Structure formats: structure tokens, C-alpha cells
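Visitor: The listed protein sequences correspond, in order, to chains G and D. Once you know that position 96 of the first sequence is 96 in the working numbering, the rest is easy, because the numbers rise by one and skip nothing. Take the position in the second sequence, starting the count at 1, then add 154; the result is the number in the working numbering.
Misleading hints may appear alongside valid ones.
Unchecked claim - Covered by chain G, per the in silico footprint, the following chain D stretches (three or more residues, Cβ under 8 Å):
1. 174-187
2. 209-216
3. 327-340
Please keep in mind that the hints were generated in silico from the structure rather than gathered at the bench. Given the structure is predicted, the values throughout are model-derived calculations rather than measurements. Yeah, the Cβ is synthetic: ideal placement off N, Cα and C, and Gly gets one too.
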Amino acid sequence: MRIHLTVNGLEREADVWEGSSLLTALREDLGLPGSKNACEQGECGSCSVLLDDQLLCSCLVLAAAAEGHRIRTVEDLGKDERLHPVQRAFVDAGAVQCGFCTPGFIVASYALLRDNPEPSEAEIREALSGNLCRCTGYGKIIEAVRRASREMYR
Amino acid sequence: MEIERPRSLDGALAALAAHPGADLLAGGTDLMVEINFGRKRPEHLIVVQPLAELRDLDRNGAVRVGAGVTYTRLLAEGGGSFAAVREMARTVGSPQIRNAGTVGGNLGTSSPAGDALPVLAAFDATVVLRSRRGERRIPFADYMTGPKRNARAPDEIVVAAEWRDPGPAQTFLKVGTRNAMVIAVASLCLVVERARKSVRVALGSCGPTILRAGEAERFAEELIDESGWDEPLDVSEAAAARFGELVAAAARPIDDVRGSARYRRHVLGVMARRALERVGSVVA
Ligand SMILES: Cc1cc2nc3c(=O)[nH]c(=O)nc-3n(C[C@H](O)[C@H](O)[C@H](O)COP(=O)(O)OP(=O)(O)OC[C@H]3O[C@@H](n4cnc5c(N)ncnc54)[C@H](O)[C@@H]3O)c2cc1C
Ligand code: FES
Ligand code: FES
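Please model the complete structure; the sequences and the hints are all you need to start from.
Guide: Structure follows, in C-alpha cells:
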């Protein structure tokens, strides 16, 4: 079926299978592979996007049901030449190893800092509890969020 | 697969009347997993997620929580007579899951591990169902009939859960392998409705459906009869232990990947004691 989505400020069209998730539509049909596909069951958060400013797992959103909503993906937060402060902080803190979980963490950290400029460690852990990382052990990720908070709201 | 996106509840009811048994899509946190893994290929799918008629949340007098209310919205509510609701919502999944998952979806799935369900059971909630034929209101105890089974007719939509405000003496506890993203090994909701001299305890993940611990309820009511319904309850160690035993005895647990029946009984006893101590001292 043909669907019309508003992604990163642009009107896009795609032909998708009716049961297709937003994640599949983004990656396979719209050329936006930043959101990662790891579990397709809401457990890992690597597919996190913002839909009408709310943090969601795009693997659990039916692509066809996303019509009429504003979708923002990790691609919209920063560009290679101009990283978002959250992305910069992840690089600087060494919070990226294999990098597979990183886009999801970036989007979730962005959503956290938007709502809560100076989160406590407990609040950071709670806000990132829907994102899994198999490499870093989370210490550096939490450090990165603290750095980003300082950068953005100093 | 045919997808319908009605703009109103009436439109959704008409679509469902035309295709009874069609799947409804709310937050998608249960249904999309089934579709992603090919365990379900709905012929007809009706998207109910955006329907404004399912989103009311009213706490003036009788409480009404629309089927489309998410856990995040429940968490944003004040405490008081919503204390257990908030404690429950906080344990669900992760921020991403709480932003999407709804009470109606929990009722739709009717898993014995559904976290909203012991709260609805302990609140003596009414499930409000609507179809083209009209509205049906059924007590939660008659709604959920077994694991993933309920009394909803194929042309009905759950529109809301309603209950009488039981006051602030209420709590929800859940045990799992970690704090986030965990299906309950066992859960419990305790309500002491002092105005009506009623104690209600409901257990999740401990049987084929949500169970009420009737004998434990009677026991606690007798305790409070003695200490006075307007007074804080000072729970003796012996009384707390007996309450825990009676709650554990009401369970009908099984051994599964999440926990053994024996562990479930043990942990129910612990949660029951804690809950009674926590709630006993709360006087409106
Ligand atoms: C990673 C992850 C973690 C989770 N953690 C928890 C947890 O901690 N506790 C917990 O209880 N659950 C948990 N769940 C399960 C799920 O989030 C809940 O059951 C949630 O309440 C489902 O709501 P939904 O709106 O997403 O339902 P959907 O997936 O949209 O629908 C679920 C079912 O309900 C039906 N339905 C939806 N709306 C209605 C309606 N208005 N009337 C009738 N039927 C309806 C649908 O047809 C479908 O069969 C988790 C799920 C995931 C993926
Ligand atoms: S791919 Fe969506 S949560 Fe894992
Ligand atoms: S950096 Fe490898 S999974 Fe997180």
C-alpha cells in the first residue's frame, strides 16, 4: 500500500506491505538506516525515534498508522560535519564501541535532556532503561549524557 | 491484510461490525511483536490508537480511564487515590513502551502477567465495552476468563475502565528479574477502602487469570475491625505473617521460565506483608 509520511520535516511517500513497521519503512523504503533493527520486539531501543515528540520504538509502530504524525529520526539530530551536542558527547566520552546501539541511545538521551536539562544518575538510568548496549557497560554512556547536559545548558 | 483508520469511535465500531473479530491496534506493543514475528497475520486491522473518544481520564467522583490512555499519562497523574496506578505504570517496560502501551491493550491481551490487571481487579473496576449493539458494563472479574481469554465479543471495543475511588490506602508491588523491561514473575495490588470497610487483594502472574485472595481479605478486615477503620493499623509481626500465608495460599502458580511455583508463593507472601505494612498506616 502507498503511504505518506512526514519524516524529518519532509513529506515522503513509500510503497509498503500493510503490516510493515515504521522501522522497516524507514530503513528499507526511505533510505534512512540510522534507526537500527536488532530485536523487532521493543526490547532493545536501537530503533528509537520521536513521533510527535514522543520517544517510541519504531519497530512497534505500524508504518501505515504513522501517517499524519511528525516523525524525527537520528538522521535529523545532527550531520557529519555538525554533530548534535549529544552525539559529540558520546564520541568524546568514548560511549561508542561497536556503535550498533548508539543511534537509539542518542535519540533517547536527546528526549531526556529536552525534558530534563540536568538529570540525576538515577533519572538517566531510568530514561535509558529501554535501550540495551552489549559493549560499553553503560558507564561511559551515562558519562556522555552528563557531558551533553553540561554542553547544552551551561 | 486490510488496514482501516477510522476517524471516530463510531467509525471504528462500524468497521468492526463489518469485520467482527478484526484486530484492533492501539499502542502496538503487543500486536506489532506478533506481526513482526509472523505469529499473526490479521486479515483486517482497525487502528484505534488516535481515537479521542478512548482517551478520557477523569478522576472527579467515579474514576474513568479510557482504553487509549498510556502508562506515561497514568504516571503523570498525581498520587493519592492513584498511588497504586502510578506504582504499576512505573514498572511497565521502558519509557518507549510506556509512551505507546495502553490500558485497553493490556485488557485486550488479557495476559495473566498484564500489570494493569491486578490493579483493576483490586479496585473492583468495571470494564466498559461498546459495539453497534450498544454498551455493556462488566465487572473485571467477569471480563477476564483465562489466560489471554476474555468476555469481549468479536464486535466490541473496550472503551474504558471505571471504578469508585477507594481512597489513598493502596499499593502495587511487582517482582521480576530486574527493574526495567520485565514481565512480572508475580505481582500484587492491595487496597484498603476504609470508607466501605473493605480490603481487596489481587494477584498477577500467579494463576490462569488474575486471582483475588478472599481469605486474606477477610483476615485483614477483621484486623482493622479491631483496630478501627479510621485509625492507622499497627500490623504485628504475627498478623503480617498470617496475611502473607493466606495470600500465598490463594495463588495457583505454575513453574515456567520466569519462576517456579514455589518461588512465586514465597514472593507473594513477602509482597503481601510489605503491602499491608505500607498501606495499613495510610488513613485518608
Ligand atoms: C518490551 C516490552 C515490555 C513490556 N513490558 C510490559 C510490562 O512491564 N507490563 C505489562 O503489563 N505489559 C508489558 N508489555 C506488554 C504491553 O506493552 C502491554 O500489554 C500494553 O498494555 C499493550 O497495550 P498496547 O496499546 O500497546 O496494545 P496493542 O498491542 O495495540 O494491542 C494489544 C491487544 O489488545 C487489543 N486491543 C487494543 N486496544 C483495544 C481496545 N480498545 N478494545 C479491545 N481490544 C483492544 C488488540 O487488538 C490486541 O489484541 C511489554 C511489551 C513490550 C514489547
Ligand atoms: S528493534 Fe525496536 S526495540 Fe529492538
Ligand atoms: S556499543 Fe556495541 S551495543 Fe552498544
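Visitor: State for each hint whether it applies.
Guide: Results of checking the hints against the structure:
Here the segment 174-187 of chain D counts 6 residues with a CB under 8 Å from a CB of chain G, which clears the bar of 3, and the coverage holds. Evaluation of the coverage hint for the segment 209-216 of chain D: breached, as 0 residues show C-beta separations to chain G shorter than 8 Å, against a requirement of three. Given as covered by chain G, the segment 327-340 of chain D passes the check, having 3 residues with a CB less than 8 Å from a CB of that chain where 3 are the minimum.
Violated hints amount to a single one, hint 2; each of the other numbered hints is respected by the structure.
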